[in-house]
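All chains, full assembly: derive it from the sequences and hints.
Residue numbers (UniProt numbering): 1 to 335.
Treat the hints as calculated values from the structure; they're not laboratory data. Where is the CB? At the ideal position from N, CA and C, for every residue including glycine. Warning: the hint list may mix true and false statements.
Said to hold, decoys possible - Straight-line C-alpha distance at most 20 Å; calculated SDA-like pairs for lysine to any residue:
# : residue 1 : residue 2
1 : Lys82     : His63
2 : Lys82     : Gln93
3 : Lys82     : His37
Unchecked claim - Listed next, with one range per pair, are the computed distances between beta-carbon atoms:
#  : residue 1 : residue 2 : range
4  : Leu186    : Glu72     : 55 to 61 Å
5  : Pro191    : Pro49     : 21 to 27 Å
6  : Ser271    : His37     : 47 to 53 Å
7  : Gly246    : Thr206    : 19 to 25 Å
8  : Asp218    : Glu72     : 57 to 63 Å
9  : Arg293    : Arg24     : 31 to 37 Å
10 : Ala78     : Glu262    : 25 to 31 Å
11 : Gly62     : Ala267    : 33 to 39 Å
12 : Gln81     : Ala267    : 56 to 62 Å
13 : Arg293    : His37     : 35 to 41 Å
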Amino acid sequence: MADHWRLRWQPLPLRRWCRDGAQRHDPGLRLELDDPHGRQVAGEISPLPERRQSGADPLHGGHLQELQRQLESADLTAGRQKLERWLHRTACQHPCTAFALGSALWRLDQQGHSHGAGSMPTGAGTNTDAGSPDAEHPWPTVGLLPSGAAALTALERGLARGWRCWKWKIGALPWRQEQPLLAALLAMVTPVAGQLRLDANGRLDTAALSHWLEAAVDPRIGWLEQPLAPTDPLLERLLASSPIPGVQLALDESLAHLDQVEHLLRAPPASEPLLVVKPSQLGDPRRLAGLLRAWPGRCVVSSGFEGRLGQAVVHDLAKLAAAGGSPAPGLGATA
Numbered sequence: 001m002a003d004h005w006r007l008r009w010q011p012l013p014l015r016r017w018c019r020d021g022a023q024r025h026d027p028g029l030r031l032e033l034d035d036p037h038g039r040q041v042a043g044e045i046s047p048l049p050e051r052r053q054s055g056a057d058p059l060h061g062g063h064l065q066e067l068q069r070q071l072e073s074a075d076l077t078a079g080r081q082k083l084e085r086w087l088h089r090t091a092c093q094h095p096c097t098a099f100a101l102g103s104a105l106w107r108l109d110q111q112g113h114s115h116g117a118g119s120m121p122t123g124a125g126t127n128t129d130a131g132s133p134d135a136e137h138p139w140p141t142v143g144l145l146p147s148g149a150a151a152l153t154a155l156e157r158g159l160a161r162g163w164r165c166w167k168w169k170i171g172a173l174p175w176r177q178e179q180p181l182l183a184a185l186l187a188m189v190t191p192v193a194g195q196l197r198l199d200a201n202g203r204l205d206t207a208a209l210s211h212w213l214e215a216a217v218d219p220r221i222g223w224l225e226q227p228l229a230p231t232d233p234l235l236e237r238l239l240a241s242s243p244i245p246g247v248q249l250a251l252d253e254s255l256a257h258l259d260q261v262e263h264l265l266r267a268p269p270a271s272e273p274l275l276v277v278k279p280s281q282l283g284d285p286r287r288l289a290g291l292l293r294a295w296p297g298r299c300v301v302s303s304g305f306e307g308r309l310g311q312a313v314v315h316d317l318a319k320l321a322a323a324g325g326s327p328a329p330g331l332g333a334t335a
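Structure, rendered in structure tokens:
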């Protein structure tokens, strides 16, 4: 039996999907934590490439070395306090690491039947062999469509599988080329009462924005996600203006950590956008679970294309969000 806490990490290869539908391989870290009782838990550090560029969660683990030293002689109570303090101080600076460590501590509480921090919906983190979202969970599958004309073929495959909701990445081509494709996609989903979600990833400019806002009025479109870059002043004005009838806005890239999520939930802009949260990119999942319970229906849980370890936690948070009335989560199913 261990007599103090131990913290370790090792490389974790990840497989992700690109905007064009192709696969890529990215690096991550598997974080392992042993408590003084000899219980072992793990979490996943899996920053998306665009977020990893900021250096927030270095995959050499250098930011974890100080914490490791603090735990070398810590008993059960002192070690737990050090872990929680480290999380509180650095969660915004290292959100993906906070997700991994918070997942491990949440799982540790489940093993010890301690529910002080809030229990996981179904023992998250235990299912390291989680399958596809449509195979194991009650919510409708949300298909991910690639940019451009390739979306038509992908949608056809999804229809054959019985899927009825898709996210389409827009902004890769000029709006004059993409909107005829949108008309074709909408014509394909109409017979099955399907729905599209438009995700611009902040790539629209001022000229294209008005055309996409007009298109988003269509009732077959669930929402227009992150139409402008987080740093674009026009985005703030758009969010602060009165809601556009028939248009639901959503934010994704504007959310870098859970402090921002909580701020938008407590004092939402006039447009009351949905918040598309990627738990593995935002911080401690225990805190996110509390936000999902406090503001039901405001957040949509989305995948960051995690590995199996992180996927299990994300899926359980998606269940919690769905129980509060959130739309079907976007968990990265591809046709």
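Right, here's what the structure says about each hint:
1. A C-alpha spacing of about 15 Å is found between Lys82 and His63, which places the hinted pair at or below 20 Å, so the restraint holds.
2. Of the pairs offered as hints, the one joining Lys82 and Gln93 holds, with about 17 Å between alpha carbons and a cut-off of 20 Å not exceeded.
3. The straight-line distance between the Cα atoms of Lys82 and His37 is roughly 17 Å, inside the 20 Å bound, and the hint therefore holds.
4. Hint check: Leu186 to Glu72, Cβ distance near 59 Å, so the stated range 55 to 61 Å holds.
5. Checked against the hint of 21 to 27 Å, the pair Pro191 and Pro49 fails, with Cβ atoms roughly 38 Å apart.
6. Distance hint for Ser271 and His37: a CB-CB separation of about 49 Å, consistent with the stated range 47 to 53 Å.
7. Distance hint check: the CB atoms of Gly246 and Thr206 are about 21 Å apart, consistent with the given range 19 to 25 Å.
8. Under the hint 57 to 63 Å, the C-beta atoms of Asp218 and Glu72, about 59 Å apart, fit the expected range.
9. Between Arg293 and Arg24 the CB atoms are about 35 Å apart, so this pair conforms to the stated range of 31 to 37 Å.
10. Checking the proposed 25 to 31 Å range against Ala78 and Glu262 shows it holds: the Cβ atoms sit about 29 Å from each other.
11. Taking the beta carbon of each, Gly62 and Ala267 are about 36 Å apart, inside 33 to 39 Å as hinted.
12. As the Cβ distance of Gln81 to Ala267 is approximately 32 Å, the hint placing it in 56 to 62 Å is violated.
13. One distance hint, 35 to 41 Å for the beta-carbon pair Arg293 and His37, is violated here, with the actual separation near 29 Å.
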